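Novice: Each protein sequence line maps, in turn, to chains X and U. Our numbering puts the first residue of the first sequence at 1, with every later residue one more than the last. Our numbering puts the first residue of the second sequence at 1, with every later residue one more than the last.
Heads up, a few of these hints could be off.
In silico contact screen, one side only, chain X against chain U (beta carbon under 7 Å); selected entries [stated by the list, open to error]:
1) 66
2) 68
3) 127
4) 128
5) 157
6) 167
7) 168
8) 194
9) 197
10) 205
It is worth saying that the hints were derived from the structure and are not from the lab. Fair warning: this is a prediction, and the values are worked out from it, not measured in the lab. C-beta atoms are modelled at their ideal positions from N, C-alpha and C, and glycine is treated no differently.
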Amino acid sequence: MADRTAAWQDALFGDWQVNDAIAKSLGSDTPPQPSLWVMDLPADARDASRHLAQQQSQLQRDQREITLAAQRLTAFADAWDPSDATEKSLEPQSEASPESRLAATLALTNQPQTKGLLDDPLQTVRAEFDRFVERVRELTSSYAQVETRIGGRAIGSTIVGWTGDFKSAWDEAVSVEQIALHQQNVHLALARRAMLVKLLIVVSTGAAKIALRLATPGAQLLVIPAVWQFVKDVIAQMQALNAVPS
Amino acid sequence: MAEPREDLNSAVRDYAKALADQIQAFVKDMATLEVRTFTTPEDQIQVLVKAKNIDDILNEGNVMLRAGTSISFDGDVAQLTPMDASGVINTAVWELHQQAVQQATQHRERMLKALGEAAESTLRALRAANG
Numbered sequence: 001m002a003d004r005t006a007a008w009q010d011a012l013f014g015d016w017q018v019n020d021a022i023a024k025s026l027g028s029d030t031p032p033q034p035s036l037w038v039m040d041l042p043a044d045a046r047d048a049s050r051h052l053a054q055q056q057s058q059l060q061r062d063q064r065e066i067t068l069a070a071q072r073l074t075a076f077a078d079a080w081d082p083s084d085a086t087e088k089s090l091e092p093q094s095e096a097s098p099e100s101r102l103a104a105t106l107a108l109t110n111q112p113q114t115k116g117l118l119d120d121p122l123q124t125v126r127a128e129f130d131r132f133v134e135r136v137r138e139l140t141s142s143y144a145q146v147e148t149r150i151g152g153r154a155i156g157s158t159i160v161g162w163t164g165d166f167k168s169a170w171d172e173a174v175s176v177e178q179i180a181l182h183q184q185n186v187h188l189a190l191a192r193r194a195m196l197v198k199l200l201i202v203v204s205t206g207a208a209k210i211a212l213r214l215a216t217p218g219a220q221l222l223v224i225p226a227v228w229q230f231v232k233d234v235i236a237q238m239q240a241l242n243a244v245p246s
Numbered sequence: 001m002a003e004p005r006e007d008l009n010s011a012v013r014d015y016a017k018a019l020a021d022q023i024q025a026f027v028k029d030m031a032t033l034e035v036r037t038f039t040t041p042e043d044q045i046q047v048l049v050k051a052k053n054i055d056d057i058l059n060e061g062n063v064m065l066r067a068g069t070s071i072s073f074d075g076d077v078a079q080l081t082p083m084d085a086s087g088v089i090n091t092a093v094w095e096l097h098q099q100a101v102q103q104a105t106q107h108r109e110r111m112l113k114a115l116g117e118a119a120e121s122t123l124r125a126l127r128a129a130n131g
């Protein structure tokens, strides 16, 4: 289960390698490194375009899933009433729907063993979210470098500062088609980074909105992992629906 | 011991302050959008990955600055245009650079939008915390 979650989070980051991972690969004395996105495309132009198109489709799917999760979280937070939590909210809207799971978790915040819930399984979920936050922070705290290789040879590299400054270096032998491939790669890398920032904003603001209405000591500690779990549940539900053959 | 609601209000305010600091830094750093286009001889790009910071990166290897654009926040634009030995603009490099300028501008818009959304959500949470 933990492995599947780690794989999902890794997939969301796509080809991004954050500073920590790069520093580890280069040795402990290495100074802080930029986040790096390297895409090594097949030498055949059609294969390379196909690969980028697949990456683009995956990005769009991920964006749609996050947007839907954000909409459902907003709807839940607007409708949720903490004083009404123990009875109505616990009635499942559908069997084990993400909303009913979140409502059940929040309902437990009114009970004395609230803090014990952080031991398991929310402790694990909290650790996952902390890891996600740390990776996004690393990804946005410095500049990022996007590199395109074709058949193992680097043809273009673009450094992007966090406010959008661009410095691009091109191999002098680069072709028009290869230029287009690198530009698509830069777009993919930056769009995925923006999507990760959006996901972080969705979870943190959604959790804040819910937590403001809780009054039980320690209950706020539960909200972030509960909301993160909700987002994961919505996305898993969508993926399961999409996997059903029509 | 502080009441939970006070703790939360304080946490939201701390988050709002951190966000405000970040927006302030962003606005300061975004006073000018800089786009630079370089070329390198064949197979030189990979050495750039090992550089230590953004300035060192483009001083390593045989990297040549070919075109540049600075767009200030109030709209002033300064450009460095690539010329051939014959004194004619190198259109291939120039087009390449213009596409990078467009991509950089779009990226900045996206970042601004994301920060704007975060600020809006935080303001709403602050209003709720104070209400």
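Novice: If a hint holds in the structure, say so; if it does not, say that too.
Specialist: Okay, the hints, checked on the actual structure:
With a cut of 7 Å, the hint placing residue 66 of chain X at the interface with chain U is violated, because the nearest CB-to-CB distance is about 13 Å. Violation of the interface hint for residue 68 of chain X is found here, the shortest Cβ-Cβ separation to chain U being roughly 17 Å, above the 7 Å cut-off. Because the closest C-beta pair between residue 127 of chain X and chain U is about 20 Å apart, greater than 7 Å, the hint is violated. Of the supplied interface hints, the one on residue 128 of chain X is violated, with its beta-carbon coming no nearer than about 20 Å to a beta-carbon of chain U, more than 7 Å.
A cut of 7 Å between beta carbons decides the hint on residue 157 of chain X: the least distance to chain U is about 5 Å, and the hint holds. A hinted interface residue such as residue 167 of chain X counts as satisfied when its beta carbon comes closer than 7 Å to some beta carbon of chain U; here the least separation is about 5 Å, so the hint holds. Of the supplied interface hints, the one on residue 168 of chain X holds, with its beta-carbon coming within about 5 Å of a beta-carbon of chain U, less than 7 Å. A hinted interface residue such as residue 194 of chain X counts as satisfied when its beta carbon comes closer than 7 Å to some beta carbon of chain U; here the least separation is about 5 Å, so the hint holds.
Checking residue 197 of chain X against chain U by beta carbon gives a least distance of about 5 Å; that is within 7 Å, so the hint holds. Here the hint on residue 205 of chain X is kept, as its CB sits about 4 Å from the closest CB of chain U, short of 7 Å.
Hint compliance for this structure: hints 1, 2, 3 and 4 are not met, and every other hint is.
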